[in-house]
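Colleague: Protein chains in written order, with our numbering: chain A, 1 to 232; chain B, 1 to 99.
By construction, these hints were calculated from the structure, which means they are not laboratory data. Values in this document were obtained by computation on a predicted structure and should not be read as measured data. Among the clues, some could well be false.
Within a straight-line C-alpha distance of at most 27 Å, the following computed DSSO-like cross-link-like pairs (lysine-lysine) qualify [what the hints assert, rightly or not]:
id, chain 1, residue 1, chain 2, residue 2
1, A, Lys188, B, Lys79
2, A, Lys124, B, Lys79
3, A, Lys188, A, Lys124
Distance ranges between label pairs, derived from CB positions [unchecked claim]:
id, chain 1, residue 1, chain 2, residue 2, range
4, A, Leu206, B, Trp64, 13 to 23 Å
5, A, Pro101, B, Leu82, 22 to 32 Å
6, A, Ala73, B, Met61, 18 to 28 Å
7, B, Phe96, A, Ser99, 25 to 35 Å
8, A, Ser157, B, Gln32, 45 to 55 Å
9, B, Gln32, A, Ile155, 13 to 23 Å
10, A, Gly186, B, Gly34, 43 to 53 Å
11, B, Gln32, A, Leu191, 36 to 46 Å
12, A, Thr205, B, Asn2, 37 to 47 Å
13, A, Ser157, B, Ile76, 32 to 42 Å
Take a look, some chain A residues computed to stay more than 12 Å from chain B by CB distance [claimed, not checked]:
id, residue
14, Trp7
15, Met15
16, Leu19
17, Gly55
18, Ser67
19, Ile86
20, Asn127
21, Val144
22, Ile145
23, Ala148
24, Ile152
25, Ile173
26, Pro181
27, Leu201
Where a beta carbon is used, it is the ideal one built from N, C-alpha and C, also for glycine.
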Amino acid sequence: MKQSNNWYLELLLGMRDMLPMSVAAATYGLAFGLLATQSGFNIFQTISMSALVFGGSSQLVAMEQLSIGLGAASAILAGSALNMRILLVTATMRNVLASRPWWQVGLGTFFATDASVALMQSAKPRNMTTSYWYFFGGGASLYVIWIAVTAIGAIISSGVPNPQAIGLDFAIIAIFVATLPGMWRGTKDVLPWLLASGIVLIWGTLFPEYASWGLIGGAVIGAICAGLNNEH
Amino acid sequence: MNIEIWMTIIGLGGASFAIRLSGYLLASQIPQDGMWARALQALPGCLIASLVSLMMLNGTMLEWISAVMVLAIAAITRKPTLAMFAGMVIIAAMRFAIA
């Protein structure tokens, strides 16, 4: 575990490095706020959902299930299925959370999102891959922005310019594509990455309704493939 | 509808936190070296590769072209933020040109 007296500096650095992901997530949060209002959520419900669930696709799917009348149980199940991938995110944060008090583990896992994995790429050159406060700062800043943009979306639920015209809808894809080169560890990643992507694409094509399970399957099988390969 | 919304918010919030905590608790049972440790080290890259594949699954030709250009810019410059904004400009310009 990394011990540091400059925890607040690490926290600020995490917040700063999370900014690109926050910009990308903000577009998604805004969209959720807009759609939630149109689906019959009031502003308190919209903000509460963002504050408690903190997962864009999961929130959107649960909301959609409710709006077509499938009920709370179905909405919870569908939303949970989409959030299952976060299980893999917090698994990757093992070294960040190890030996921390229970409340820090709780908060650290609560703030974990896909963006936390992207943040690992920025953490590497800074030697912050095991810094709790770096990931806490990044996660907490994203959380605050997420709730804020959701609220803004709910308030200004009409009269928003077309986000596609300025490429805003592409931001979330672009930021994850842009983090890939930093994640690359050399030729040993070729097979696991191809396997992971191939499984997602094939599964998603065959079973579009359950595409998010392909994501989990692809990531896990890709990682197991890397584990079986003993070359370094 | 109102009670259903609140049930969903609280239920999904609780389930999401349980999922988050479970991931860490499961991973903490894995040994520090060996096959499963190597798999855990490879997991972030595989997860992002899978996520990008899922996002691109129903992508249009313009999105695919823009994604490839973002990847190239990020690989050359090693600046993800620059690559992200470049991608947004590229796709907006292509959409404008086609429209």
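Colleague: Are the hints correct? Go through all of them and say.
Modeller: Outcome of the hint check:
{"no.": "1", "hint": "A:Lys188 / B:Lys79", "result": "holds (23 Å)"}
{"no.": "2", "hint": "A:Lys124 / B:Lys79", "result": "holds (14 Å)"}
{"no.": "3", "hint": "A:Lys188 / A:Lys124", "result": "holds (18 Å)"}
{"no.": "4", "hint": "A:Leu206 / B:Trp64: 13 to 23 Å", "result": "holds (20 Å)"}
{"no.": "5", "hint": "A:Pro101 / B:Leu82: 22 to 32 Å", "result": "violated (38 Å)"}
{"no.": "6", "hint": "A:Ala73 / B:Met61: 18 to 28 Å", "result": "violated (39 Å)"}
{"no.": "7", "hint": "B:Phe96 / A:Ser99: 25 to 35 Å", "result": "violated (53 Å)"}
{"no.": "8", "hint": "A:Ser157 / B:Gln32: 45 to 55 Å", "result": "holds (50 Å)"}
{"no.": "9", "hint": "B:Gln32 / A:Ile155: 13 to 23 Å", "result": "violated (49 Å)"}
{"no.": "10", "hint": "A:Gly186 / B:Gly34: 43 to 53 Å", "result": "violated (20 Å)"}
{"no.": "11", "hint": "B:Gln32 / A:Leu191: 36 to 46 Å", "result": "violated (24 Å)"}
{"no.": "12", "hint": "A:Thr205 / B:Asn2: 37 to 47 Å", "result": "holds (39 Å)"}
{"no.": "13", "hint": "A:Ser157 / B:Ile76: 32 to 42 Å", "result": "holds (40 Å)"}
{"no.": "14", "hint": "Trp7", "result": "holds (20 Å)"}
{"no.": "15", "hint": "Met15", "result": "holds (14 Å)"}
{"no.": "16", "hint": "Leu19", "result": "violated (7 Å)"}
{"no.": "17", "hint": "Gly55", "result": "violated (6 Å)"}
{"no.": "18", "hint": "Ser67", "result": "violated (9 Å)"}
{"no.": "19", "hint": "Ile86", "result": "violated (5 Å)"}
{"no.": "20", "hint": "Asn127", "result": "holds (16 Å)"}
{"no.": "21", "hint": "Val144", "result": "holds (17 Å)"}
{"no.": "22", "hint": "Ile145", "result": "holds (15 Å)"}
{"no.": "23", "hint": "Ala148", "result": "holds (18 Å)"}
{"no.": "24", "hint": "Ile152", "result": "holds (19 Å)"}
{"no.": "25", "hint": "Ile173", "result": "violated (5 Å)"}
{"no.": "26", "hint": "Pro181", "result": "violated (4 Å)"}
{"no.": "27", "hint": "Leu201", "result": "violated (5 Å)"}
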